[in-house]
Structures are given as C-alpha cells and as structure tokens.
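Count along the sequence shown from 1, add 130, and you get the number used in the numbering used here.
Don't take each hint at face value.
[To be verified] With a straight-line Cα cutoff of 35 Å, these simulated DSBU-like cross-link-like pairs (lysine-lysine) come out:
no., residue 1, residue 2
1, 269, 371
2, 446, 583
3, 371, 390
4, 554, 462
5, 446, 269
6, 575, 554
7, 389, 462
8, 371, 554
9, 575, 371
10, 371, 462
For the record, the hints were derived by calculation from the structure and aren't laboratory data.
Computed from a predicted structure; not experimentally measured.
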Amino acid sequence: MRYLLRLLRIVVTLLRYGVDELVLSGFKHRWIMALAWVVSRGRSYDEPRGVRLRLALEALGPIFIKFGQVLSTRRDLIPPDIATELARLQDRVPPFPAEQSQRMIEQALGKPVAELFGSFDAQPVASASIAQVHFATLKDGREVAIKVLRPGMLRVIDEDIALLHTLARWVERLSADGKRLRPREVVAEFDMYLHDELDLVREAANAAQLRRNMADLPLIIVPEMHWELCTSNVIVMERMKGVPISQVQRLRDAGIDIKKLARDGVTIFFTQVFRDGFFHADMHPGNIQVSLAPETFGRYIALDFGIIGTLTEVDKEYLAQNFIAFFRRDYKRVAELHVESGWVPADTRIEQLEQAIRATCEPHFDRPLKDISLGQVLLRLFQTSRRFNVEVQPQLVLLQKTLLNVEGLGRELDPDLDLWSTAKPFLERWMNEQVGWRALLRRMKDEAPLYAKLLPELPRLLHRQLQSQQPDQRPLLAALVREQRRTNRLLAGLLWGATGFLAGVVVARWLLRYFSHGTF
131 MRYLLRLLRI VVTLLRYGVD ELVLSGFKHR WIMALAWVVS RGRSYDEPRG VRLRLALEAL
191 GPIFIKFGQV LSTRRDLIPP DIATELARLQ DRVPPFPAEQ SQRMIEQALG KPVAELFGSF
251 DAQPVASASI AQVHFATLKD GREVAIKVLR PGMLRVIDED IALLHTLARW VERLSADGKR
311 LRPREVVAEF DMYLHDELDL VREAANAAQL RRNMADLPLI IVPEMHWELC TSNVIVMERM
371 KGVPISQVQR LRDAGIDIKK LARDGVTIFF TQVFRDGFFH ADMHPGNIQV SLAPETFGRY
431 IALDFGIIGT LTEVDKEYLA QNFIAFFRRD YKRVAELHVE SGWVPADTRI EQLEQAIRAT
491 CEPHFDRPLK DISLGQVLLR LFQTSRRFNV EVQPQLVLLQ KTLLNVEGLG RELDPDLDLW
551 STAKPFLERW MNEQVGWRAL LRRMKDEAPL YAKLLPELPR LLHRQLQSQQ PDQRPLLAAL
611 VREQRRTNRL LAGLLWGATG FLAGVVVARW LLRYFSHGTF
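All chains should be built: construct the whole structure from the sequences, respecting the hints.
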C-alpha cells in the first residue's frame, strides 16, 4: 500500500507540473501527439518547461534529483533551456534551515559550534540532493568546509528504492528483455551506492583513498579530511577554492588552457578506472572545479565523494582490451571478448556480432567530439545488444554513467576534442604495463611473500590430507604429492632465476658506473 501511495504521488507530481505533456511532446507518432494534445487541454503554466521539470524533480526527492543531474550534462540529448535549468540541481537545491544544520553539527560533534570553530558561516554555500555545505575556520585559522547530511534522507530513499525494486521485479517478469537487462541487480547496485552516499564517514574514506591514488598525478586536487571532526552525518574537510568547470569563459579569461583541461579530464578518468579501479562516479559540473591558485594553476578540484565506482582486475582487463580493440577498429576482437567474458551466449556467431558492432561504431571514428553523440552510440549498441542477448553488467552501470559525465564535460570544454585519440595512447601504455617481463617481475615480487610462506607448508599439508583419506584414494594423492613437489622445484627455480637476473642487472649497472668513473 505504501508503494502504491508513493507511485500515486509521483504521477500526481508529474501531472501537477505538466511533465507528462513535456514527455509526450517529444514523440512524433500521430497517436502520441494526439494524446499530448488531449492531456494539455485546460491546463496552463506560468513557468517555462525547464523550470517545471526541475521543480518536479526537486519535489520527488533525491533519486529524481540525481537523474536530473545526469540529464543536465547531456545538452546533445535535451534542449538547451532544459539543460540549463537542470544544471541548477547540481548545487542549488533549496537548503534546509541554517538553525537545523547548526544543531545537527553540534549533536554530531558533541560541542557547540563556537567551541569547535573560530568562525562559522550559517548560510550554506552549496545545497545538493543529499547534503549541504557550510564554510568555517578552525581555531588555528585553517579554512574548512563542513558537509551536513539532509535530515530524513534515509526514509525517503528507502521508500523510493523499495518502489524501484518492485518495478524491477515486474520488468523482469513481463518484459522480453527482463533477464538480459537484469533490472533487479542494477537496482541493487544503485541501492548500495545510494546508501553508501548517506554514510559521510564512508565518503571521507573514499576521499582519502582517492587523494592517495592521485598523489603522483599533478592534474587533480582532492581535499584532506579532518578525521577528528568526521561522523556519519557530518564531515569536515579542507576548503577548496576554485572556479566551477561549467564557467568556461571565466576560466578562459583567467588564462586556463581549455583544450589541455579537456585532455587532462580524459587522462584523470582513465587513470582512475584502469590504473586504480577506483573512480569518482559523480563527475557532474557541480562536483568539479578548477584551481586558479599559482601553485596549483589549472588543476582539477574534485568534490563530493559519496559515489565511488570500483572495478576488479578482470573487469579492467576486459574493458581495456575492448577499448583498445575499438580504437584499432578490430571489431572481431570486440566480438570475441564479449563471448569470452560471458556477456553474450557462447553459441553466438562471432562474424554476425562483429558485423553489427562495425555498423554501430565505424561511422563515429575520425570525427571531433562535437560531431559525435556517445548517447547515440550507446543507443545503437543497446539495440545491437537486444539482438544478441547481451547481458547488462551491473558493476559497469556506474562506469557507463561516469563516461557520459566525462563526455558532457569534454563537450562543454572543447567540442573539437577527439576522445578516441586522447584515450588510445593511455590505454595502450596501460596494457603494455600489464603484460611482458615487467608485469611478470612485478607480480613475482608481489607474490613472493606468499610463496615464501606457502611452499614449505605444502608437503606437510598434502601429507596430512593423504593420511586422512581412504586407502583407494591414496595412490592418486601420492601422485599429487609428487606433482606438487615437481611444481615446487619449478617455482623455486623460477624464483631463483629471477633473483639471479635482478642481481646480475644490479651488478652490471654497478660495474658500468665503476668503470665509467675511471677508478679501475
């Protein structure tokens, strides 16, 4: 009953703001156009359509606001007036009262604001769907930003997520694409990330991890957390000073190289995804700024780390191989990778899938970003995936969303950016580091402590297992012991060989340096 009431509220809200008319007017079919004409009779609105859509999403709550944030970056898919209005959802959601915010800070940190901070700005500087931010200074003069979770968020999100779970079950039962789309798993993934975003300590930990990961990449700044002032609903971090990345003209007037900024954004994204498997998954313009400070001029400033995506080594390898195959236009390899990864049925005909992927992607190569719509490419790929029963990968949903954000940012900064040629060298370099003798030595070094502990124990463990088995199984286990000892000797030989090789390299370099100084 509760879900039915929520669904009824959604429908009533959409009708109240005329969103139904807005959606129907986008279709060109005669019967839909006629339906749009019928539902619009007798209704008039003072506000423009973009304002009405924004107000409807704000009224429906955080999940719908998130949806509007994603839409606002896709000016190629929606009219400019709607995109401009939806951009207000990124950091200008109506704030909750300052008195309530201050009370929550004092309850969370256990002291009055006057004791915690040298100064506190009660007026929030940003207000988003999940939380709002206040500026303050610590007693020692350091400037900080305080993020406060919106009150009552958990109940609202739980209700909407429960409704999405119900709808996902119906889609899976009634839709022919239900099994392939895996809607319940996708909603479960979305559920997990939204609830993670409600725990601000988790967000602070995400920021700390991302700050460590990006320490050696002088293209991005991540604020430092003040852990002694962090709780589940209030966190305090280093204050960042920058210009929102959406203010392109202001950045250009300040002397920022906009084309380099666009390329740097692509590099940051692919570094986080393929090197670290840990990426900022909420990269809309409200969360990205650019530093104008002399010591960090032109660097990205990342904010809001509530939604972070992660990838396994297997995911990264398959994705990298897919991207590189796309860049090389090796569509047969793309098709083979889809079969190998289990994304399509094993009996899929490779040549047919190859032809379908070629027809989708080939028209988009050698064209600047302003002439490419990744949304259209994804739509064509989706149509192809339906034909070949490609299963949606829930762990990649956030990556797809973030890739759309990155494209939206790139389109705003440099419409002539060639996304393919910018990303290809990075991916090829990353793949070269994953294979070959460098990768072998690195993995042997990483695994050496485990081998050192495991190898001496294996004969004893196998012998114990041998003694505990039935007599008719002992010959087989004895053979396994012999094989394991042979393997141990081989592994030991490899380890000693690698050690000797490295030692030889060190000695050779020392001798070369010794003789080059003429001291022999």
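Each hint, compared with the structure:
1. As the CA atoms of residue 269 and residue 371 are separated by approximately 20 Å, the hinted pair is consistent with the 35 Å bound.
2. Our distance criterion of 35 Å between C-alpha atoms is met by residue 446 and residue 583, whose separation comes to about 29 Å.
3. Note on residue 371 and residue 390: the hinted pairing holds, with a Cα-Cα distance of about 20 Å set against a maximum of 35 Å.
4. Under the criterion of a C-alpha separation no larger than 35 Å, the hint pairing residue 554 with residue 462 is consistent with the structure, at around 18 Å.
5. Straight-line distance between C-alpha atoms of residue 446 and residue 269 comes to about 45 Å, which puts the hinted pair past the 35 Å bound.
6. As the CA atoms of residue 575 and residue 554 are separated by approximately 29 Å, the hinted pair is consistent with the 35 Å bound.
7. Restraint check for residue 389 and residue 462: the C-alpha separation of about 34 Å stays at or below 35 Å, so the hint holds.
8. For the proposed pair residue 371 and residue 554, the alpha carbon gap of about 32 Å is at most 35 Å, so the pair holds.
9. For the hint pairing residue 575 with residue 371, the CA-to-CA distance comes to about 41 Å; that exceeds 35 Å, so the pair is violated.
10. Between residue 371 and residue 462, the direct Cα distance comes to roughly 48 Å. Violation of the 35 Å bound is thereby established for this hinted pair.
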